[in-house]
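Trainee: Each chain, written out:
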Amino acid sequence: MIVRISGEDQYRIADEQKDRLNELDNAVVAAVEADDEAGFQSSFAALLDFVRSNGERVGDDELSGSDLILPPPDLSLAEAEHEFNGEGLIPD
Amino acid sequence: MAGLTGRMSTVVKAKVSKLLDRAEDPAETLDYSYQKQVEQLQNVKKGIADVVTAKKRLQMQEKSLQQSVVKLDTQARQALSAGNEELARTALERKNVAQTELQGLDTQVTELEAQQQKLTDSEQKLRAKIEAFRTKKEVIKAQYSAAEAQVRISEAATGVGEQMADVGLAMQRAVDKTENMKARADAVSELEAAGTFDDITALGGGEDDIDRQLKQLSSQPAVDDDLEKMKAELGKGAGGEAPQIARGGGAGEGAQPSESGQA
Chain B
1 MIVRISGEDQ YRIADEQKDR LNELDNAVVA AVEADDEAGF QSSFAALLDF VRSNGERVGD
61 DELSGSDLIL PPPDLSLAEA EHEFNGEGLI PD
Chain C
1001 MAGLTGRMST VVKAKVSKLL DRAEDPAETL DYSYQKQVEQ LQNVKKGIAD VVTAKKRLQM
1061 QEKSLQQSVV KLDTQARQAL SAGNEELART ALERKNVAQT ELQGLDTQVT ELEAQQQKLT
1121 DSEQKLRAKI EAFRTKKEVI KAQYSAAEAQ VRISEAATGV GEQMADVGLA MQRAVDKTEN
1181 MKARADAVSE LEAAGTFDDI TALGGGEDDI DRQLKQLSSQ PAVDDDLEKM KAELGKGAGG
1241 EAPQIARGGG AGEGAQPSES GQA
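As you go down the protein sequences, you meet chains B and C in turn. Read in order, the letters of the first sequence correspond to residues 1 to 92 in this note's numbering. Read in order, the letters of the second sequence correspond to residues 1001 to 1263 in this note's numbering.
Extracted from the complex, chain B is given alone in its bound form (with noise of 0.2 Å):
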């Protein structure tokens, strides 16, 4: 599967990877929804950190979309509970 993380670059990753993506996304979710600072920044970067190292470049020249889209790496906390208030990152 394919994953993009927004402003960087696309990885393709091995689909039995997709539970500990799971795993680590979850993590960034509680850590938001819990209005915790020093877990957000843990753990989207151990997310970013884990597509980073486990997926290889899907090269520029390449035309595919993605399974999956993560945030910018440059998210704050404030912008991660406003995407779950429905007013998603990208404006309409």
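Think of the hints as simulated: they come from the structure by calculation, not from any bench. This one's a predicted model, so the numbers in the text were calculated from it and none came from an experiment. Quick reminder that beta carbons are idealized off the backbone N, C-alpha and C, glycines included. Every clue listed holds true.
To be clear about the criterion: a stretch of chain B counts as covered by chain C if any three or more of its residues have a C-beta under 8 Å from a C-beta of chain C, and this derived list gives those stretches:
1) 4 to 12
2) 64 to 70
Only part of the chain C face toward chain B is listed, based on derived beta-carbon distances under 10 Å:
3) MET1008
4) THR1010
5) THR1135
6) THR1158
7) LEU1169
Please arrange chain C on chain B, whose structure you already have, making use of the hints.
Mentor: Okay, now just chain C, sitting in the frame of chain B:
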């Protein structure tokens, strides 16, 4: 996947499919999509130019604040030599505020530089994808039947469409950051315009609103410290009046010459 990634994915996919729904005819879809991509690339270039403009503006402001710091330091010195300690203190308060603003501006310039770099990278990636799309669209038009073409077009357009949505997000973030800084820069300009006195004698003994605001913004211990240093320095240099005893006491010990103009 429902978490953070899930929401992002849904939003972006909705945007891409909106883009793809436009035309029924495969060839038309291809051309329309390509045209949109080229437009987006122009937007990114404009976005980069806007960030550069904002950065230059902040840099100019930095320069003028640096000049204010030097000027206020000189004015404080003049006021003190003339025996007007209150006026000297006011000038030093303003200098302190200007120095704090300078540090803030420095951080902002660095942040804008990072935004500029991000957008430049995005532009390069988008350009590569568009180029790949351009090649592919001619191949698709020439080689595939309508039904097959639809599938291939969808793949290719999704790939490039996602890149466009991503660049759009990066631009939006850059614009938001730039606007915040503009608002702040305007506020600094106003303070700064009010902050230096063209003529120190023009300011009487009474405090005006700006002075009161500045007093709140400035760090009083740092101002006390500056004032004591300046007194000690003047006392020494002129060999005349002895420096007065500090109000708080002890702050001016050491009597090091203060370095004016150091931001």
